[in-house]
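S.K.: Chains as they are written, first to last, in the numbering used here: chain A, 1 to 157; chain B, 158 to 940.
Don't read these hints as lab results, they were simulated from the structure. Even for Gly, the Cβ is constructed at its ideal location relative to N, Cα and C. Among these hints, one or two may not hold up.
[Claimed, not checked] Subject to a maximum C-alpha distance of 25 Å in a straight line, what follows is the list of computed DSS-like cross-link-like pairs (lysine-lysine): (1) B:K723 / B:K747; (2) B:K601 / A:K143; (3) A:K143 / B:K717; (4) B:K717 / B:K747; (5) B:K649 / B:K723; (6) B:K601 / B:K809; (7) B:K723 / A:K143.
[Stated by the list, open to error] To list a few chain A residues with every Cβ distance to chain B over 10 Å, as calculated: (8) A14; (9) H94; (10) G99; (11) A111; (12) G137; (13) E139; (14) W147.
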Amino acid sequence: MRISMNVNGQTREADVEPRLLLVHFVRDVLELTGTHWSCDTSNCGACTVQLDGEPVKSCTVLAVRANGHEVTTIEGIWSGTELTPMQEGFRQEHGLQCGFCTPGMILTATAFLENNPDPTEAEIREAISGNLCRCTGYENIIKAVQWAANSREGVSV
Amino acid sequence: METDSRHTMGDRMLRKEDGRFIRGKGNYVDDVRLPSMLHSAILRSPFAHARINNIDTSAALELEGVHAVITGEDLAAQGLAWMPTLAGDTQAVLATDKVRFQGQEVAFVVADDKYVAQDALELIDVDYEPLEVIVDSRKALEEGAPIIRDDKEGKEDNRIFSWDAGDKEATQRAFERAEVTVSQDMFYPRCHPAPMETCGAVADYDVSTGKMTLHMTSQAPHAHRTLFAMVSGLPEHQIRIISPDIGGGFGNKVPIYPGYVCAAVASLILGQPVKWMESRSDNLMSTSFARDYHMTGEIAATSDGEILGVRSTILADHGAFDAHAQPGEQYPTGFFPIFTSCYDVPAAYAAATGVYSNKAPGGIAYRCSFRVTEAIYLMERTMDVLADELEMDPVELRRKNFVKKEQMPYVSVMGWEYDGGDYDAGLDEALRIAGYEELLEEQKKAREEGRIMGIGFSTFTEIVGAGPGKKCHIAGIEMFDSAELRLHPTGKAILKLGVKSQGQGHETTFAQIVAGELGIPAENVEVREGDTDNTPFGLGTYASRSTPVCGAATAIVSRKVREKGKKIAAHMLEASAEDMEWTGERFQVKGSPDRGATMEEVSFAAYTNVPDGEEAGLEGVTYYDPPEMTYPFGAYICVVEIDRGTGQVEVKRFIAVDDCGVRINPMIVEGQMHGGLASGIGTALMEVIEFDEEGNHLNSSFMDYLMLTSMEAPSYELGEIVTPSTHHPLGARGVAESPTVGSPPAVVNAVVDALSPYGVRHLDMPLTPARVWAALRENGVDA
Ligand code: FES
Ligand code: FES
């Protein structure tokens, strides 16, 4: 099937099998390997991308389902010159160790803050509860989201 | 951007590696893409124990896009159907005679893409003849039990080893004369490290040069290269292992798995790169599990709580192949003999039996140093049983039996020499943070209100940092580690290590060590590891050994370089080397503070103004063999509340005071603590791998293998004390595993404490709502 979608601001087209998962389309066809996968069962959130601004687990979305839509991955969440407050927050608060869950966490948390710019700790915990992290015990991820909530400005690099 | 850019030892420096990860620019094995690379999938056994009568791969081979289907027979033709394990046993790469656990590797398909490879698996026809299954290790040695390892000549039962240590008679005498003895059976269930990234490899055999490059999720790339050379017969210099960014290891990426070997064989046969990546269920079903110990802990004591002797009995389930991670065959139970822990125990004895079962092979040390987790759990759980028996405060009982600070360096009755420690200080600090008196008040009040609240303790010592080489080895290779340091003319450095980070932040921590030793900013030190062609030989990162061993190597190689720098500085300043002193920031002529040279200046001179008789350049290499292991320790307090209706355990507070010696980067240390605590609390509450009677794996996805999420994780209350290691050149001990070791007993002790008014003295992990609910109802607690 021929599909076309806007990925990180660019139109991307490809012929794909109907069964191809969005996560594989992004990683293998578009070679945007910042999006990870870890479970295949929609439990971990490592594969989170934004579909029309909403975080989705791309291992549970068919690539054809994204036809005509907008997809944002970690590579497209920032301008290329300026890190987002969320990216910077993860660094400032040591919100990552191996980094494997990090892109998914950032995508989930970014979308969350857009709807809830001043969240409580409990709200943050709930918002990221579909994203597993095996390294950090979550404490510093929560602080990273708080850091981002407190610093609306982007951070130039 | 960071403004302060001169970080050194001891600073909370932000991590150098983070820049790529927050941009999605990490490079994990599955991100490796090579020209004409093929993909693969493994056909796995649906049975836990079955004879293979026939494998028909013809239909799969006909599928368009399939390049090869490799079976055990194909491997056998090359002598590769079996491979050695780290424990000195053998393991089937692809099954030939029988399958011995559900999920065992049976055939390896190579295809153009992973979807086609998966399709091909469906077309392979295997004729299995199911056999009787052993899943309960307690039945493995029964008369008439099926023999799992009939491939081993003369094997007539399922015993792997029988082992004991300590003084059996002296311990028996202690039990005979004790006023009080307690005994508790307990099970440390099978669980899994389950890093977020599964295991995988890209094997790339270059036909024109004969070189095999393996991009591989390896915690120990150098050791793996040597093992690959030994098994495959390829010359070692023609094997290059590149361990790129690793998405968490926790012990899972220590062993060599059949998938790696198959990918390498396929690349050799096809002359094209072959990628193998586990699915999550592959990972949970077939790669190394941890624990699976049935244990009995016994303590003999006086009526006022002085311990006279400790005894432990273990039944260890190692699965179908003994792929246990251990630092040498003399340690079939790893470092379990540390079980007397932080207590001054006059007599101790441990005996263990290891058996085969129809379960995945293992076990590895999931975020712990070789079975220390099991040992500490046994001790801490049994201590609480003793406190209950004596009606004594568990804090008082522990304190009474601590090895005292004055006894350091203490040699335990099991023969371990502790590198310092102050267990009283650790406990004091934990009690202070917890506000123990108020907590007891709060518990009293909660109980009056009918709420079920518990407080649990765990005080312990870890043992990490293996070597020394004379005591510890992997397949004969002594467990030293290495560092190679080179300073360039402008004073910028490259440090190459024998270890391999999986998220621990080596690029930052090790740069800080060099910075501390040489007075240059950590920002100017680039750390490289994980490429066997370009780093010195080392044993790798697991069992918290990076800082104790490789960190020491880094300090020492820096000092070597500084020694040479001193001669150059003397030459520059026209003084004699004896007259030079190191201020911590620069060389200086003794008594003339105005005459000095920084390491940057010395570096430049090393290439431009070398004294006569000295070689140019400024570099060194060190292979460090530690004189002893290190003994980080901790004092943990867990507060739980249990829902009467559902049995759900909520961890309300978790206080963890650790002494890991001198902290190189406190921010990273605390991050490691958080992660370790989450793992330990998860193990206590939910992580478990179980099997039904037929050997079906019941937790083969994250839908059933539950790990802590942000909802269950508490906010950790950390404390620290620092007693420097007596032998480590920086006084550091190692971290990140203590919390996984120390937290499960604290959680279980808290839950048992909560339920103790209803007569509960022990519950086995995981303390799921179902299990706690049953305990509540059995003991007459109404919802
Ligand atoms: S890989 Fe998509 S949720 Fe885990
Ligand atoms: S940082 Fe490793 S899984 Fe989250």
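S.K.: If you check each hint against the structure, which ones fail?
M.R.: 2, 3, 7, 9, 10, 12 and 13
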